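Per this note's numbering: the sequence shown = residues 34 to 803.
Just so you know, these hints were derived from the structure itself, not from any lab. Predicted model only: the values in this text are computed from it and were never measured. A portion of the hints provided could be inaccurate.
[Said to hold, decoys possible] Under the rule of at most 20 Å between Cα atoms (straight-line distance), these lysine to aspartate or glutamate pairs were calculated in the EDC-like manner:
1) Lys753 with Asp286
2) Lys608 with Glu499
3) Lys673 with Glu76
4) Lys139 with Asp169
5) Lys157 with Glu189
6) Lys139 with Glu200
7) Lys761 with Asp609
8) Lys568 with Asp624
9) Lys136 with Glu653
10) Lys470 with Asp604
[What the hints assert, rightly or not] Simulated restraints on C-beta separations:
11) Ala254 with Asn133: 48 to 56 Å
12) Gly731 with Leu377: 36 to 44 Å
13) Glu590 with Leu187: 53 to 61 Å
14) Glu590 with Asn78: 55 to 63 Å
15) Lys161 with Asp282: 29 to 37 Å
16) Trp307 with Phe518: 30 to 38 Å
17) Gly175 with Arg564: 44 to 52 Å
18) Gly175 with Thr669: 23 to 31 Å
19) Lys161 with Leu287: 34 to 42 Å
20) Leu377 with Arg564: 52 to 60 Å
21) Arg104 with Phe518: 26 to 34 Å
22) Pro114 with Asp282: 19 to 27 Å
23) Asp506 with His296: 17 to 25 Å
24) Trp307 with Ala258: 35 to 43 Å
Virtual Cβ for every residue (Gly too), placed ideally from N, Cα, C.
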Amino acid sequence: MNTSIKSYFRNFKKHKLIYGITIGGFAISLAVLVMIVSYIIEEKNVDKHFANIDNMYRIKQADGNAQIPKRMYQPILDAAPEIDKMCMLGASSVLYEYNNEKKWAKAVTTSEAFIDVFSVDIIKGATKDLLKAKTDVLITEGFAQRVFGDKNPLGEILEFGNKEKKEVRAVIADPRESSSLKYDVIFNLDQELFGSTRGYNEVSYKMFDAVFLLNPGVSSAETEAKITEILKPYEGYNETLLNVQPFKDVYFDLKGDNDQFNHANINMIKLLSWIVIIILVLAVFNYINLTTALNSERHKEICIRKTTGARRETIFSQFLSESYLSCFIAMFLAVGFAIIISPLFKDLFGREVNIFEALQNPQILFAVILIFVVIGGLTGALPALAASKYNAIDLLQRKVLLKNSNVRGVFNTIQLTVTLSLIIALSIITKQINFVKTKDVGFNKEFLLEVRLQGKTNDRAAVIKENLLKYPDIMDVTATHGRPFAIYSSSSGSWKKDSVEYEIDNLSVMNSDTSFLSAFGLEIVKGRNFRLTDKGQNVCIINKKTYDYLQLDDIDESEVFGSKIVGVVKDFHFKDMHQELGFIQLKYDPDNLSNLNIRISGNDIPGTLQLIKNTLKEFEPNLNFEPRFYDEWINTMYRKEENQAKAIVIYAVIALILSSLGLLGLARFSAIRRTKEVGIRKVNGAKIREILVMLNSGFLKWIVIAFIIACPVTYYTMNKWLEDFAYKTNLSWWVFVLSGVLVLGISLLTVSWQSWRAATRNPVEALRYE
Numbered sequence: 034m035n036t037s038i039k040s041y042f043r044n045f046k047k048h049k050l051i052y053g054i055t056i057g058g059f060a061i062s063l064a065v066l067v068m069i070v071s072y073i074i075e076e077k078n079v080d081k082h083f084a085n086i087d088n089m090y091r092i093k094q095a096d097g098n099a100q101i102p103k104r105m106y107q108p109i110l111d112a113a114p115e116i117d118k119m120c121m122l123g124a125s126s127v128l129y130e131y132n133n134e135k136k137w138a139k140a141v142t143t144s145e146a147f148i149d150v151f152s153v154d155i156i157k158g159a160t161k162d163l164l165k166a167k168t169d170v171l172i173t174e175g176f177a178q179r180v181f182g183d184k185n186p187l188g189e190i191l192e193f194g195n196k197e198k199k200e201v202r203a204v205i206a207d208p209r210e211s212s213s214l215k216y217d218v219i220f221n222l223d224q225e226l227f228g229s230t231r232g233y234n235e236v237s238y239k240m241f242d243a244v245f246l247l248n249p250g251v252s253s254a255e256t257e258a259k260i261t262e263i264l265k266p267y268e269g270y271n272e273t274l275l276n277v278q279p280f281k282d283v284y285f286d287l288k289g290d291n292d293q294f295n296h297a298n299i300n301m302i303k304l305l306s307w308i309v310i311i312i313l314v315l316a317v318f319n320y321i322n323l324t325t326a327l328n329s330e331r332h333k334e335i336c337i338r339k340t341t342g343a344r345r346e347t348i349f350s351q352f353l354s355e356s357y358l359s360c361f362i363a364m365f366l367a368v369g370f371a372i373i374i375s376p377l378f379k380d381l382f383g384r385e386v387n388i389f390e391a392l393q394n395p396q397i398l399f400a401v402i403l404i405f406v407v408i409g410g411l412t413g414a415l416p417a418l419a420a421s422k423y424n425a426i427d428l429l430q431r432k433v434l435l436k437n438s439n440v441r442g443v444f445n446t447i448q449l450t451v452t453l454s455l456i457i458a459l460s461i462i463t464k465q466i467n468f469v470k471t472k473d474v475g476f477n478k479e480f481l482l483e484v485r486l487q488g489k490t491n492d493r494a495a496v497i498k499e500n501l502l503k504y505p506d507i508m509d510v511t512a513t514h515g516r517p518f519a520i521y522s523s524s525s526g527s528w529k530k531d532s533v534e535y536e537i538d539n540l541s542v543m544n545s546d547t548s549f550l551s552a553f554g555l556e557i558v559k560g561r562n563f564r565l566t567d568k569g570q571n572v573c574i575i576n577k578k579t580y581d582y583l584q585l586d587d588i589d590e591s592e593v594f595g596s597k598i599v600g601v602v603k604d605f606h607f608k609d610m611h612q613e614l615g616f617i618q619l620k621y622d623p624d625n626l627s628n629l630n631i632r633i634s635g636n637d638i639p640g641t642l643q644l645i646k647n648t649l650k651e652f653e654p655n656l657n658f659e660p661r662f663y664d665e666w667i668n669t670m671y672r673k674e675e676n677q678a679k680a681i682v683i684y685a686v687i688a689l690i691l692s693s694l695g696l697l698g699l700a701r702f703s704a705i706r707r708t709k710e711v712g713i714r715k716v717n718g719a720k721i722r723e724i725l726v727m728l729n730s731g732f733l734k735w736i737v738i739a740f741i742i743a744c745p746v747t748y749y750t751m752n753k754w755l756e757d758f759a760y761k762t763n764l765s766w767w768v769f770v771l772s773g774v775l776v777l778g779i780s781l782l783t784v785s786w787q788s789w790r791a792a793t794r795n796p797v798e799a800l801r802y803e
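Could you build all of it, start to finish, from the sequences and the hints given here?
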């Protein structure tokens, strides 16, 4: 063993660069692998901690909308007695005040059943009759510590929204990191978080998620049929299909519309899973290529060992022990690399992975041990078997230099195929992100910002608007309830007008004043805008797509869900580009507004923002002023894809490095194997350029094969990825060509370094070596 260790470090010293690259590349790959696997496991475990997760469901409409009216609560319970417990919940940010200090908190409005459905632990306070009264509030342990410090919060009074005082009844455990629902405070179900309780009992008022527990052994399909049947008599549900969705599927469900839960893209998890496999395979292939190239120069050492009586088993044991030693060093370095890249990983995925905590996970620890055993065994056994089976004379005459170069060529082709695929994918993702960011959204988003009305400003929107318009740098102001890309309400169903039946699914509903169209730069194509005299008349404006879908001949006598249509506006995007341009109804309701949308000149943005802040603070001194510009907001909607692109950049770089290192190993092996041929050609007058072409032509073949394989595979894969977008870029041919040229250039530069060394070597020295 001591001899093997001494031999290992002697060879390490002789080939410091190659050993360093080999071990370092494997260490980086291993660090990335552990962190990605840890992230995947954590994502897959979201919501799995709920005690009754296997019997936990939510109601979801077939069109993707998961929100239903509060009015449906009791009919559902009556129709399906097999439901053990059920809660309806809405979620939003809410302004609270304590000791004259105002801040925002994440709030859930729900019923007492929420405690059992979502497995909430009560730390202190009441355990029964929670959320019975509108004045009750439950707070999380973290919220209690932030607001009250070491003081006992039970019985303390907090003010929310418009000076609504609530008493702390209990302190509950913080939602786990692995929960898709985050909150600081919990209110009674009748507490409206969005500004008004009007419409709560209307069937079209869809603001709540319904989550319930089924009794064990009950078929969810039977419950689904009962719920669908009981809702048919209600207007708006007679043609609507409902699904009972297992709650463990909610986190990865991106088809929901404005529900209360955090979501993740299962395609991202699948992508990361494939990347784990790819990086692992690349690391193994790269390691084998480099170690076989290194071991091809150890013929003299092996020859001497054989002539001094070393047996085949001894040589095999030496290679195997050296391989495991390299793996051990790589794993030790991987811990250090993981610590270094941890902040970058958090920026990409929004979650910090601690390498030491990750290694405590039995699944990850087992995987690391398995990698150590398998890769150490493979990378040691393959060259050991190849080197130990030949006699000393063949080794001395260099007749054996691991002739199976085609296998290594295949390894490198696979590496290059993966690298090319990642680079092409990265280019297409970047192209798509630029496409959706620059696509016309149908309204003027430049210098348009949104501010949420808070406290006393909620009821003074008209006065605030009048005061703001006195400033020359404020061009227009409109107040709305909801806003483009964050609409709170929707309607689905059918209605009759003059014996004609109309039907529509997922009609987004947004309240506004008379200035919405002018502030957003929208054009009326039929009818008129809202007027001040429309107050209380239940009128609305619909977009062109809704008008065309309903096939309305004339809007004068037309209505949507009882609201008279007075105008048709040109289509504009109010959802992100993942979704097709939808149906929208603008309702004139100046008494139910929660957002200010302000267009500024752009001459002095900081000064104008200060003017807006000062004006709002005249009405609400403790206002939390957080303006959001629409153009910046639209860009953040594609943060997930940008993070995917950043992740693929890292993986593409890793793959490119590993592929280049593999090519370096193969080039080194080729140069050693063809030393005699190069020497003879130079003696016969061959030029350096001709020798470079000769040595590089073989590698060019592998690159071309990799390109031929990568193009159709990536084309299919990225077509599937683009299906997540309703509006998408083209898969341009030049993206594939440029990616191929990039990989070709880097690969040839890598190979040419070894080829140049072989081509410029003294031929006499080369032939004497042979």
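**OP:** Report the numbers of all earlier hints that the structure fails to satisfy, in ascending order.
**Re:** Per hint list: 2, 23 violated.
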